[in-house]
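Chains as they are written, first to last, in the UniProt record's numbering: chain A, 1 to 96; chain B, 1 to 485.
Note that these hints are calculated values from the structure, not bench results. Some clues are possibly wrong.
Cβ-to-Cβ under 10 angstroms is the rule here; a few derived chain A residues that face chain B [said to hold, decoys possible]:
1. Ile4
2. Arg17
3. Leu18
4. Ile35
5. Ala39
6. Leu42
7. Leu63
Just the calculated beta-carbon pair ranges, DEER-fashion [as the list claims (entries may be wrong)]:
8. His49/A - Lys68/B: 51 to 59 angstroms
9. Gly291/B - Lys70/A: 53 to 61 angstroms
10. Lys70/A - Asp353/B: 37 to 45 angstroms
11. Val62/A - Asp391/B: 27 to 35 angstroms
The calculated BS3-like cross-link candidates involving lysine-lysine, where the alpha carbons are at most 30 angstroms apart (straight line), are [as the list claims (entries may be wrong)]:
12. Lys110/B - Lys26/A
13. Lys10/A - Lys85/B
14. Lys79/A - Lys85/B
15. Lys60/A - Lys386/B
16. Lys67/A - Lys303/B
17. Lys39/B - Lys60/A
18. Lys39/B - Lys79/A
19. Lys29/A - Lys57/B
20. Lys60/A - Lys376/B
21. Lys29/A - Lys414/B
22. Lys85/B - Lys70/A
23. Lys356/B - Lys90/A
24. Lys410/B - Lys60/A
25. Lys395/B - Lys26/A
26. Lys60/A - Lys110/B
27. Lys303/B - Lys29/A
28. Lys67/A - Lys380/B
29. Lys376/B - Lys356/B
30. Lys376/B - Lys26/A
31. Lys29/A - Lys376/B
32. Lys94/B - Lys29/A
33. Lys90/A - Lys85/B
34. Lys60/A - Lys395/B
35. Lys29/A - Lys410/B
36. Lys10/A - Lys68/B
37. Lys79/A - Lys376/B
38. Lys380/B - Lys70/A
39. Lys380/B - Lys10/A
40. Lys39/B - Lys85/B
From the three backbone atoms N, C-alpha and C, an ideal C-beta is built for every residue, glycine too.
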Amino acid sequence: MSRITTDQVKHVANLARLAISEEEAKAFKNQLDAIISFAEELNEVDTDHVEPTSHVLDMKNVLREDKAVKGLPQEEVLKNAPEHQDGYVKVPSIIE
Amino acid sequence: MSLFDHKVSELHELLHKKEITSSDLVSESYKRINEVDGKVQAFLTLDEENARAAAKKIDEKLAADEGKGLLFGMPIGVKDNIVTKGLRTTCASKILENFDPIYDATVVNKLTDAETITIGKLNMDEFAMGSSNENSGFQATRNPWNLETVPGGSSGGSAASVAAGEVLFSLGSDTGGSIRQPASFCGVVGLKPTYGRVSRFGLVAFASSLDQIGPITRTVEDNAYLLQAISGVDPMDSTSANVSVPNFAESLTGDVKGLKIAVPKEYLGEGVQEEVRQSVLDSLKVLEKLGATWEEVSLPHSKYALATYYLLSSSEASANLSRFDGVRYGYRTEQPENLIDLYKKSRSEGFGDEVKRRIMLGTFALSSGYYDAYYKKAQKVRTLIKKDFEDVFAKYDVIIGPTTPTPAFKLGEKIDDPLTMYANDILTIPVNLAGVPGISVPCGFSNGLPLGLQIIGKHFDESTVYRVAHAFEQATDFHKQKPEL
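Only chain B is shown next, with the shape it has when bound in the complex (with noise of 0.2 angstroms):
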């Protein structure tokens, strides 16, 4: 049994009661990380030394019976779109491959002031474009459950380390699914926060009003402690939101009583797979019997979801990519004609396919005489999309769906087609455009590989959906399965 198979909770106690060290977890971590990780390939940078180091103090704090944090001494990976000062963060991109940054991400200080541990940078496609890990400049992450498939994406490495037993949890970023695709793929806890909650100063823009920071954790519970450890407004993001961060923990009562859910028929319909729909209708019927009621609604513009999402956030990906021109950091080309050249040449040279090709479509959809016809345009449908919930969540505490339409695929399946690859986040897509929070639990298996329920929220009511996910993880058993590595 791996330490890791404890909950935070447990953990804790264990430190406590001075029947384990941080150093042990810590140790747990490199040694699961040296067994499994030239199979799974999660992570892209170790940070062994400082990280055994912390350890170390954190023991002694424990020996002196300081020291009260719940994440106190835990070991963490953390995404490599997440700058930590000194420690190399690529976004598993070429064009930032010995980039050493000189601050810390709000959320690594919050982790900071947890005093959680970083054992290294996780995998993810460049830049966070994509949905299997596939993308990334460096390495193909693998589901730990089969390696022949890809984690999801993009925060690959975040879910695929979590569910190998590397850490006790990591952090993600999800822009359209980023973070609950991988979950689900994984058999793993993945939280969006609702758009706001998280601050986003020192993660690497992809889509700014897209964007959010979430915990991946192997239960509802850690999920919840995590994200309270990471939330909260912060002055150096003037889009975090100033509102009050509640006590997660406390709504995990396992009580849905009188819970109304609903259940989009857009999302079990069309290119969502049989055992998928089954594995949806399945949970519902676990949480029918906790209390709940549960009514088909309609999102009526959620085909229209997909083509908004890639308008916009690659619109808003060419005007943040433009950073990077081989100036102030990253990659520069080695003999530039002039300044132009060395612009063209560096971002030529340094970025992959996927990220060129958003660029590209970003750069068109915001050019002059397309701007109305394409940006606005989706900007205007991301209004309509954002009132469906609305409509839906009067009426209803949660919206339960699939978090993908099928279970993770094979590696080199989609990569030669953009919008077949693009059509997997289908179902988190339109969470994001609303800004809402979304959570993937795990609920079932198909031919061996985990299937993820997403519960989504309205906003600011993180509570409600962690309250709906533990109560559903607590009446079934599928979190507590494993994969054999």
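If we strip away everything but chain A, and leave its shape as in the complex, we get (with noise of 0.2 angstroms):
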């Protein structure tokens, strides 16, 4: 049985911005498919009494002094977007 369908790939897709082909739907599928079955071997192990780990060191909360530093200038900063103008980076029309 598939664990994964097609239009659960173009769910996906859409939720990670990526615009896919039908071909490449159908072949994600496959491959998504048989990832996925292989992790599921995971269900063999008991983890019912078992906390999570998001990270290996024992560190909370890092803070530092609450203090102002310089950024970057802002011609440098933009001077790797593809478009911008009067300082701002430049994107297409999101109010029709």
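Both chains come to you apart, so use the hints to assemble them.
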């Protein structure tokens, strides 16, 4: 039985902001299905009383002194932007 | 003989005796690159003009008897996911083909302080996702020992450039084995430090809870010196650890008497090639002769590490790579219909297949309805994998096994089957999940291809890892063999 449908693949692609063709959706469906079914071997492991690990070192809330430091110059920051104008990054119109 | 057949300490002495100059070392690099990089294809970008100018300045300092640091004037290669101000940094991805960083990574600042000379940027699998360098968006680096085989990955360029004698040493990064596996395939020394030992600021993030930058060198001693230069807490990386950095070179005593070695049975079991298994058993005999003892142990959750790793690393990657949207930097599609279309087309045209596959897997594992079943489940299994290591380290000083189940494989052999490719990292991945340090040192050959011995230590105990690796290296001569190109 397939663990993931082509529609789900398209939904995930939309969430990930990836444009995929019908053909790619089918290919991804097969590949993801194989990887996910492989990943389901984790279900064999009893984790009922196990805390999740998101980070291996025991550190919390690493703070620094609240001191203003100079940021990067605007010109530099915009240097790699594909399009910019008047000190702003430019994108297609978002309000119709 | 190449100048790079000398260790750092020897070159340092030659520099200070004025028998060689830093310019000689830099020339040696570019000469060798000109000779062999057409075949090896380790470099994506060279920085020759700046490197030669920097060497000249260093030579002036040398002439004036200034400049005392050990790495002073030494040529280094840097993996192309570590940002270098004003020097193109691509992550071997089309999406960053023309990216010109506006700041230096902390490790690069530290190299500047140490006055090493950056020769250029090294090829890798795109965004460090891969085990062969075949996922590079630009070129497939070859293994200097056999040009038909892969150098490993993702730091394939970093390992191949050192093995080919193009640079004295290099920096790589390791998320699931990306320093140790290519070091093993190319017959050089590669260390993944303890998570938090080295700042990740300026390392383009793949899986933030697993990524570490580390040194690739020809000898264990050089490795210790390079790690010394890049280690330490960094205010720019809140996950860098505020722990003291020992003098790693002091641990290179050659003395392993009384050392207790654990050998996980899972690391010599199914899927591990016979020659690889035998080379590890032979290596253990070498260490036994030096006074160490070893026993078989179990890391019972090892078989779950691969699935755990792919769920967690892909989930983290899907979040980290969301920053590549065609807006602030990187590739932008030509004629987007609207903003969403701009995001989608820029990303789809800019990313390669493996990167997309992992973003898809990660997005799926984090999506509503699947988060608990996949992502959280994997985080819990990670706890058990980490505990396996803690249990063994309560009784033993180091864990030893092979770095990879096989020597380097042929180009094209595994590229069409993601799961087979992933399985190559089965012995290195648990180390990243547990956050402990691990090194690969040359320990033999199989059909002319190098094999690597993996030595794993306790959190922040790189010193013991180095001590064992160095003692082993000094008792063997695998590291003295060089590929013919």
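Do the hints match the structure? See the list:
Hint status for Ile4/A relative to chain B: holds, with the closest Cβ pair at about 7 angstroms, below 10 angstroms. Taking 10 angstroms as the C-beta cut-off, the interface hint given for Arg17/A holds, the closest approach to chain B being about 4 angstroms. With a cut of 10 angstroms, the hint placing Leu18/A at the interface with chain B holds, because the nearest CB-to-CB distance is about 5 angstroms. Restraint check, Ile35/A versus chain B: the minimum CB separation of about 6 angstroms is within 10 angstroms; hint holds.
The interface hint given for Ala39/A is met, as the beta carbon of that residue sits about 4 angstroms from the closest beta carbon of chain B, less than 10 angstroms. Because the smallest distance between the Cβ of Leu42/A and any Cβ of chain B comes to about 5 angstroms, under 10 angstroms, the interface hint for this residue holds. Checking Leu63/A against chain B by beta carbon gives a least distance of about 9 angstroms; that is within 10 angstroms, so the hint holds. A beta carbon spacing of about 56 angstroms between His49/A and Lys68/B agrees with the range 51 to 59 angstroms that was offered as a hint.
A C-beta distance of roughly 56 angstroms is found between Gly291/B and Lys70/A, which places it inside the suggested range of 53 to 61 angstroms. In this structure the supplied range 37 to 45 angstroms holds for Lys70/A paired with Asp353/B, their Cβ-Cβ distance being about 41 angstroms. At roughly 29 angstroms, the beta carbons of Val62/A and Asp391/B sit within the given window of 27 to 35 angstroms. In summary, the hint linking Lys110/B to Lys26/A is not supported, as the alpha carbons are separated by about 47 angstroms, beyond the 30 angstroms threshold.
Between Lys10/A and Lys85/B the CA atoms are separated by roughly 38 angstroms; this puts the pair beyond 30 angstroms, and the hint is violated. Proximity of Lys79/A to Lys85/B is assessed by CA-CA distance (about 12 angstroms); at most 30 angstroms being required, the pair is judged to hold. At most 30 angstroms may separate the alpha-carbon atoms for a hinted pair to count; Lys60/A and Lys386/B meet this at roughly 19 angstroms. Straight-line distance between C-alpha atoms of Lys67/A and Lys303/B comes to about 48 angstroms, which puts the hinted pair past the 30 angstroms bound.
Between Lys39/B and Lys60/A the CA atoms are separated by roughly 48 angstroms; this puts the pair beyond 30 angstroms, and the hint is violated. Among the hinted pairs, Lys39/B with Lys79/A is inconsistent with the structure: their alpha-carbon atoms are about 34 angstroms apart, more than 30 angstroms. Distance restraint check for Lys29/A and Lys57/B: the Cα-Cα separation of roughly 57 angstroms exceeds the 30 angstroms cut-off, and the hinted pair is therefore not satisfied. Distance restraint check for Lys60/A and Lys376/B: the Cα-Cα separation of roughly 20 angstroms lies within the 30 angstroms cut-off, and the hinted pair is therefore satisfied.
In summary, the hint linking Lys29/A to Lys414/B is supported, as the alpha carbons are separated by about 20 angstroms, within the 30 angstroms threshold. In summary, the hint linking Lys85/B to Lys70/A is supported, as the alpha carbons are separated by about 18 angstroms, within the 30 angstroms threshold. Between Lys356/B and Lys90/A the CA atoms are separated by roughly 26 angstroms; this keeps the pair inside 30 angstroms, and the hint holds. Distance check on the hinted pair: Lys410/B and Lys60/A sit about 45 angstroms apart at the alpha-carbon level, beyond 30 angstroms; violated.
A distance of roughly 50 angstroms separates the Cα atoms of Lys395/B and Lys26/A; the hinted pair therefore is violated under the 30 angstroms criterion. Between Lys60/A and Lys110/B the CA atoms are separated by roughly 26 angstroms; this keeps the pair inside 30 angstroms, and the hint holds. This hinted pair checks out: Lys303/B and Lys29/A have alpha carbons roughly 25 angstroms apart, not beyond 30 angstroms. Between Lys67/A and Lys380/B the alpha-carbon distance is near 38 angstroms, which puts this suggested pair outside the 30 angstroms criterion.
For the given pair, Lys376/B sits about 22 angstroms from Lys356/B by alpha-carbon distance, which is consistent with the 30 angstroms threshold. Only pairs whose Cα atoms come within 30 angstroms are accepted, and Lys376/B paired with Lys26/A is accepted, the gap being roughly 27 angstroms. Using a Cα cut-off of 30 angstroms, the hinted pair Lys29/A and Lys376/B holds, with the two alpha carbons roughly 22 angstroms apart. Taken as a hint, the Lys94/B and Lys29/A pair is honoured in the structure, with Cα atoms around 25 angstroms apart against an allowance of 30 angstroms.
Between Lys90/A and Lys85/B the alpha-carbon distance is near 24 angstroms, which keeps this suggested pair within the 30 angstroms criterion. The suggested pairing of Lys60/A with Lys395/B holds, with an alpha-carbon distance near 29 angstroms, which does not exceed 30 angstroms. Under the criterion of a C-alpha separation no larger than 30 angstroms, the hint pairing Lys29/A with Lys410/B is consistent with the structure, at around 28 angstroms. Distance check on the hinted pair: Lys10/A and Lys68/B sit about 59 angstroms apart at the alpha-carbon level, beyond 30 angstroms; violated.
With a CA separation close to 39 angstroms, the supplied pair Lys79/A and Lys376/B exceeds the 30 angstroms bound. Under the criterion of a C-alpha separation no larger than 30 angstroms, the hint pairing Lys380/B with Lys70/A is inconsistent with the structure, at around 41 angstroms. With a C-alpha separation of about 29 angstroms, the suggested pair Lys380/B and Lys10/A falls inside the 30 angstroms cut-off, and the hint holds. Proposed proximity of Lys39/B and Lys85/B is supported: the alpha carbons are some 28 angstroms apart, at most 30 angstroms.
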